[in-house]
Amino acid sequence: MSEAPYSPLVVEHFGLPRNVGRFASATDVIAASAGDPEQGVRFDLSARVRDDRIVALRFEVYGCPHCIAAGSLLSERLQGATRDELRRWSWRETADELEFPPEKRGRLLVLEDAVRALAAAWQRRGNG
Amino acid sequence: MNTAPTIYLDYAASTPVDPRVADAMIECLRPTGAQGNPSSAGHEYGRRARGLVEKARAQVAAAIGATPPCIVWTSGATESDNLAIFGVARFNADRGRHLISARTEHKAVIDPLKQLEREGFEVTWLKPGSDGIVRPEQVQAALRSDTQLVSLMHVNNEIGTIQDIAAVGAICRERGIAFHVDAAQSFGKVPLNVETMNVDLVSLTAHKIYGPKGIGALYVRRKPPLGLKPLIYGGGQEQGMRSGTLATHQIVGMGLAFEIAAREREQDMLRIGALRDRLWAGIRSVGNVELNGHAQERVAGLLNVSFHRIEGESLQFALRELAVSAGSACSSASEEASYVLRALGHSDQLAQSSLRFSLGRFTTAEQIDTAIAAVKREVTRLRSLAPQSENNS
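Top to bottom, those sequences are chains A and B.
Under our numbering, the first sequence has 121 at position 121, and the numbering climbs by one with no breaks.
Count along the second sequence from 1, add 1000, and you get the number used in our numbering.
Please note that a few of the clues may not be correct.
Not the full set, but computed from the structure, chain A residues with beta-carbon under 10 Å of chain B [what the hints assert, rightly or not]:
no.	residue
1	8
2	11
3	21
4	23
5	26
6	28
7	29
8	41
9	48
10	55
11	59
12	60
13	63
14	65
15	66
16	89
Note that these hints are calculated values from the structure, not bench results.
The C-beta atom is built at its ideal place from N, Cα and C for all residues, glycine as well.
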C-alpha cells in the first residue's frame, strides 16, 4: 500500500505517536472520552492539571491513521494549554495541518467532543 | 520499513505469470510466432495460430475433465460469469424466471443476477452458515418448478471456503436444472472435474493460476446441449457463443498455465498449505484473532483473519510492507466493509479489521516468517494505542 492517502505528518505521527496512554485517577487528573469503536473511532483523553494549565496530556485512540495522528498532534498542542485554550480548541486547524480528507472530518468532530468533555470535566472539578 | 521489497501475499487477487508461461506467450508474439488470425483457415499463418488455440483448448479441457469443444474462450471469469448467467436466463426466459445463488458470491455473479432482477427475474439468495458453507439441502429446498439456473462458487474468494459442488451438482442434474460454478478461485487448488461433479457451466480464468490477465474460459456442457444466448455478436467465433478475434498469445498462456497447474497441483498445495498453517500459527499467537471461514473445508493458500480491537485501515497501513487484501472499506473500492464477512454474521468492526493473506507458488518460508513478525509487531503496537477502558471492544 502506498503512503499516498496520508500526508508526511500523518505518517510520522502514525509511526511514532506521542503521549500515548492514560493517567491513573488522581486529584489533579481530569479525563474524558468520545466515540465508539463500533462506529470506527474513539478517543480517550486524560490530563494532569495544575493551577490553570494542563501540564501533561495523554491520549488513547481507536481509529484510522488520520485519527491516530490527530490524537498525537493534539497531545502535543495542548501541553501547557489553559482552560480557555482548551475550550476554544477547534478541529479545523488539525484538519488543515494533517490534510484530513473531507470524508473523514466527522472523525475530528469526535475528537472535538472529547476535548469539550475534557474541558467540562475540568470545569466540574474546579480549580486544581 | 520501506526499504525491503513488499512481500506479495495477494495471490487470490492475481498471480505473477509463471516464467514458463511467459516464455510460451513471448514466442507467440515474435515474428516467427503466431501472427495470423486463428479464423483465417485459408493460409498457413492462420492455420498455425488455430493449431495453437486448439492445443490450448485441449489443455484446458483436459485439466477439468472436459472435451475440447466445451471450452469457450472469454476475457476472464467476469465475462464467463456474465455469459453463463445472462446466457441461460435469457435463453430460457419463456420457460421460467427463477434463479438461485448465494449472498457470498463474487460481484461478477451477484451483479448480473441483480440486473436480471431488474429485468423481472426472481433470485433466491441463499445465506451460508457462519462457516461460509451453503448446504446442498438449502439448494434443494429453494428449487421451484420455474427454476432455470443455480449458480454457486466453488471456492470463496475472500475466505477460501470450499462448497460441496458435487452434491449440489447431483441435485441439479436430477431435476434437469442448469448448474453454473464460478471456479476462478478453485481450479489448480482443489480437484475440479465437470463430469463427476455434474456441472453444466464453469467460469475459469488464467490470471489466478499463473497465467496472463485478460483471458478466461467458460465450460459449456455439450451433451445434451445447453441453450445459451450470447452476450457478444460479431464474427461468430466460438460456435457463435462469443464473437471476437481470438487472442492467440493469451490463449496459449492460459492453456500452458492450466496444464502446469493440473500437473503440479498436489505438490504445490502440500507446500503452500504447510506455509499457510505456519502463518496461522504465528498470527494466532498474538491473541484475540478469528479465523474467518470453515476451519477445514478451505483452500490451501488462503487465510482470512479478523483482529479484535484493531481498526482495519490502520492495520492495513501499518502492514504496508505486506501486499494483502483488507476488509476495510476505506481502503478498497467498495463502499462497505466486506459483504462476505457480514453475510457470515460478523459485525462491521470485525469485518473491517480483517485481512486476507493468500499464498502461492512463489511464496517462501522466509517471507512467511517476515510476515508473522510484522503482524505481531504492528498488532501489538496498535492495540497498545487503543482505549483500555472496559466499555471498548
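Of the hints stated earlier, which fail here?
-> Hints 1, 4, 5, 6, 7, 9, 10, 16 contradicted; others consistent.
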